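Since chain A is already given, all that's left is putting chain B on it; use the hints.
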Amino acid sequence: MAIETVVGRRAWIYTHNIGRLMEAGTGFTYPVGIALADDGVMYIANRGYEYAQVQRISKVTVDEEFITEFGGGGEEEGKFRSLTDVAIDRDENVYCSDEWLNRITVFDKDGTLLGTWGEAGEGPGQLNGPSGLAFDPDDNLIVVNSLDSRVQKYSKDGRFLGEFGRKGSAEGELNMPWGVTSDSNGEIYVADWNNNRVQKFSGDGDHLLSFGYGGSGPGSLRLPSAVAVDGDGDVYVVDWRNERVVIYDAEAKPLTHLRGDARELSKWAQLTMDANPDMVKRRSQVQNLEEIQRVFCLPVACGFDQRANRLIVCDTHRGRLHMYHKDTNYQDPQSNL
Amino acid sequence: MANRDEMALMAHLMRRAGFGATREELEQRVAKGYEATVEELINPPPADPAGEADPQSVMLRYVPWALLPGGETVPGQAMWMYCMINTQTPLVEKIALFWHHVFATGNAKIDNGNLTNAQIEMFRKHGTGNYRDLLVRLAKDPAMIYWLDNNENHRDAVNENWGRELLELFSMGVGNYTETDVREASRAFTGWTKAPNVPRLPYGRFPWYFEYREEDHDDAEKTFLGHTGNFNGEDIIDIVVKQPATSRFICRHLYNFFVADEVQVPAWTIEPARDEEALAELVNVFEESDYEIAPVLRTLFNSQFFKDARFSKIRSPAEVVAGTLRLVGDWKLPRPGIMALGLQPRYMGQALMDPPSVEGWYTGKEWINSGSLLARVNFIADHLADTSLPGVKSIIADMKAAGVTTPEQLMAAALDHMGYLELSDETSEQLTEYAKSNGDLDWSDEAVAGTRIGELLAMIGATTEYQFG
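Going down the list, the sequences are from chains A and B.
Taking the numbering used here, the leading residue of the first sequence gets 1, the next gets one more, and so forth.
Taking the numbering used here, the leading residue of the second sequence gets 1, the next gets one more, and so forth.
Since the hints were derived computationally from the structure, they do not count as laboratory data.
Since we're looking at a predicted model, the values are computed, not measured.
Any given hint could turn out to be false.
Straight-line Cα separation of at most 25 Å, BS3-like style, residue types lysine-lysine; simulated pairs [unchecked claim]:
#1 K332(B) to K167(A)
#2 K393(B) to K436(B)
#3 K125(B) to K194(B)
#4 K281(A) to K109(B)
#5 K167(A) to K393(B)
#6 K267(A) to K200(A)
#7 K281(A) to K194(B)
Excised from the complex, chain A in its bound form (with noise of 0.2 Å):
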């Protein structure tokens, strides 16, 4: 039976999970950002641990098919030592964050190396902690400063355009921010993680409206990592310390939230299960296994897919992500029970 969250004539419906913490190919290491490509294909920045390998971008797709992976732990080019964020643009070069080596580093879709670019510093246009990343409607790259509290615009080849953003708690001003996304109107919502909320802000930096405030309750963030919006404005937020993606309505106003609904093993977990009996022994002694097992653990990121109307939540410590398909017009169907 599917798993409904409904509010209205809205639900979110969970469809499926992909992946399980591996530290190569098919699974993923510590996901902490996502960008969503044509057909389901989706890039996953694996935040991997420090000097290692397994600091990665995943290709992969929405029904759990492997296709390739790219970058790896190192300083050289093309390599990474704190990977952050992932975004695409128009073309689907791939854009990634290091916010250690202050740098973007650009790939093709193939996992070509393409180039980098970056200055370290905290004048305009230089890098101080580089996290989130998004492209704009124009197809330019939006950057979080997440050390100096700026949101930097660029162009693709990573001329400056523009910035705002102070640190701060007052309105419109920012404290360590993370994760940012930008909406089909160029307007900028930015993941305000230490002052726990997030901010929208017109294309120019204006401060539109700010979501949620510190706290556990309905509508309240902690430490809020990410955030996406879709087609009819609503917006999702990664409530990072209350392990959890909280949504609002385009005037901020909470509708509800999800802890994670991934009861079921995915097609790669079940792979490990298969080739470890000794694992499936004990699973099968463990008593609210599917209870323990469905919750996010410090989710970092999601994305939405407008195309296919999908909501994806980077399950950062599971090593898997969360599906869920938006039906904006839900009914009951056995409203009468």
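Relative to the frame of chain A, chain B by itself:
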């Protein structure tokens, strides 16, 4: 402006109840008052849900694998060290370290860093609370259950490991119970085990949980320390807590950790306490408060015997590392290389979360040998001489603003910044001679002046006296 005696006393309190403090923090705390600071340390304000990220959250943002490190100990060590350096509630971390010394649990056997991390978190949350409740939590702690084999303690096959250590190391101390008491206590804890856990594949580690299995519990009559009944584990803890030997044992641990070095724990049955009068005062408060830890700490920190005990303890490796890094202002944010941070105390003889045995570490002068001393001195000197570090920069700026020029002024200012350190006459003379060898500080070249200050700080850090806290 606070006077020097007040600052020196506050520096002493912050070394013992925390991991040291910068001069700026000391001035703020002196302005608040000594007793008010003790109170704030014991009862810190609750975390603000709308406030900025706590050190654990900052660590997990940059080092996500520190949360569920699996069989690895190092990420947990790095996480704890980062918390010690950056905590705003230093006694919370310090009391966790205290209980880790007493209830020593090692990942070498458990092979599950998540469990040892969770145990430390339990000490943070409940370490200043009621001792009886803490023992119950400890008995139900999955790390402890696995460490001392209580998951192998069955009604028809008793395992005495937990029952024995509960009495010998966690409450009364040797000589205060019989082998029969060990057996009976162990019987009472049959059925106290861990629930089958979700295995590590395919989604990584999941928490372990306590489980009570009634069918595996020996519910028959037992006689323990002169009491007879169908005792379960909590009944045993209730009896243990009320033993005078327990009050003395726990309060002696508190004195040894927070006030002054005692002889090693195995000698406590034959050696009197370093200060019997002080110990009696702590024991009285412990028993009068129905075994609460916070009132004992309040009495301890406000006592004259505590205030008179400056530099009478050799600092543990964890204190050396955290104290030095707080002083120099390093590791405000995690960065690549942070795993090595967690290893620093190990190089000095204290692998956090991995004590050599359930007895924990031998402390005091046992911390010092030729290898560990070299590791301590190198670590301290490397950091204090690094004039690029913000804390060292701040010390240099403060000396410049204060008009420090002569070698005597330089020595006095350096000692003040290093916690109002007191040197022996011989050490003081040697270091003053060193300071004099280059004449007065010349602030016209700040880099040179800063280097001289850093070198002197490093030399002071290398003294015998600096090893005492």
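Which numbered hints does this structure break?
Result: hint 6 breaks, nothing else.
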